[in-house]
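For the sequence shown, our numbering assigns the number 229 to the initial residue and increments by one for each residue that follows.
Calculated directly from the structure, the hints in this document are not laboratory data. Errors might be hidden in some of the hints.
Said to hold, decoys possible - Computed cross-link-like contacts, DSS-like style, restricted to lysine-lysine with a CA-CA straight-line distance of at most 30 Å:
no., residue 1, residue 2
1, Lys-387, Lys-422
2, Lys-422, Lys-242
3, Lys-357, Lys-480
4, Lys-436, Lys-422
5, Lys-383, Lys-322
6, Lys-367, Lys-383
7, Lys-290, Lys-480
8, Lys-392, Lys-357
9, Lys-371, Lys-480
10, Lys-272, Lys-372
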Amino acid sequence: MKNIDFLGLRTERKYAQIFNVGLNSTSVNKVLVFVRDSLGRNRKFSIVTPNPEIILAAQGDKDLADAISKASLVIPDGIGLSQAARFLSLPAPKNTLLRIPVCFLQGLWVGLSTFLARNWVQEALPTIKGRKLFMELIKLANKKGWRVFFLGGEKGEAKGAGEKLRRSFKRVRIAYSQGPMLNADARPKKKEDKEIERNVLREINEFKPDILFVAFGASKQEKWLMKWLGSIEVGGAMAVGGTFRYFSGDAKLPPTWMEEFGLEWVWRLITEPWRVKRVLTAFPAFPLKVFLSKLNTP
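Please take these sequences and the hints and turn them into a complete structure.
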């Protein structure tokens with residue numbers, strides 16, 4: 229799927245490699261053109277939007293790393309990835325005694341630039357919030373009269389998001405299913421989950437969605453998607469993480485200013501303190517590992 233390239237999209241992407249995971253980004257409008265043209269040419273596509281947590285998880289999970297590498301578009305979701313790309317792009321002396329303080333100062337400058345020179349940071353690798361791209365795709369689907377299928381989520385989030393969006397978007401056809409419970413390998417946990425998976429695959433094939441949105445949670449959704457994408461009747465698919473939670477009303481969106489300055493992790497820590505382990509993966513664990521990686525890479 230990496231070979232798909234319509235209207236010169238490949239040449240307009242910005243690329244970066246962080247911990248051996250390839251990332252590429254472009255504008256939201258270019259992604260929408262890519263999706264529209266992919267569907268128009270019957271070329272199946274896939275989109276994943278990894279954040280720092282997923283990038284770190286891929287280091288010890290070959291199946292996840294492989295799933296990400298197979299996606300048509302690997303769009304960074306999170307200012308932490310832009311910061312990492314910019315930091316890694318800055319030259320540093322090979323001399324160890326000089327390298328440590330220079331890299332430290334570079335890290336401080338990139339961090340401060342998130343507030344003082346945000347465009348400079350984002351130029352290295354523009355980010356697109358997964359939930360923003362999801363919403364833009366729903367708007368496009370409504371305009372085109374496409375079919376979309378929401379799969380995954382917990383506690384009926386796919387249903388809640390589907391029913392709320394139906395009230396606002398009358399032309400798009402929306403179907404949904406919570407789907408099976410999956411283990412870390414993206415396989416059904418129990419016997420009954422195997423039956424649920426078979427049923428949902430049949431539902432998808434009967435509905436034939438133009439876009440399938442998968443929300444089984446980080447790593448599981450990417451693995452499941454790449455396992456089944458080639459054999460199900462869909463135009464394309466996107467892994468959307470916790471997106472359904474926001475559109476079903478089960479989670480509150482962070483203030484815009486916190487998003488813009490890369491402080492969404494603070495918002496999550498305040499509103500969802502039980503996710504502290506995941507939050508600390510994004511900060512400070514991820515930037516620290518990026519810093520150490522640069523120190524050890526001549």
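Keeping to a limit of 30 Å between CA atoms, is the pair of Lys-371 and Lys-480 held or broken?
holds, 27 Å
Below or equal to 30 Å on CA atoms is what counts here, so check Lys-422 against Lys-242.
Not satisfied, since the Cα-Cα distance of roughly 40 Å exceeds 30 Å.
Keeping to a limit of 30 Å between CA atoms, is the pair of Lys-436 and Lys-422 held or broken?
holds, 21 Å
Mind checking the alpha carbons of Lys-272 and Lys-372 for me, to see if they're no more than 30 Å apart?
At roughly 17 Å apart (the allowed maximum being 30 Å), Lys-372 and Lys-272 satisfy the hint.
Are the Cα atoms of Lys-290 and Lys-480 separated by 30 Å or less?
violated, 33 Å
Would the hint linking Lys-383 and Lys-322 be met if the CA-CA limit is 30 Å?
Distance ~53 Å between Lys-383 and Lys-322 Cα, so the pair is violated.
With the threshold set at 30 Å, check whether the alpha-carbon distance from Lys-387 to Lys-422 stays at or below it.
holds, 21 Å
Mind checking the alpha carbons of Lys-357 and Lys-480 for me, to see if they're no more than 30 Å apart?
holds, 15 Å
Would the hint linking Lys-367 and Lys-383 be met if the CA-CA limit is 30 Å?
holds, 25 Å
Does Lys-357 lie within 30 Å of Lys-392 when you go C-alpha to C-alpha?
holds, 20 Å
Of the numbered hints stated above, those contradicted by the structure are hints 2, 5, 7, listed in ascending order.
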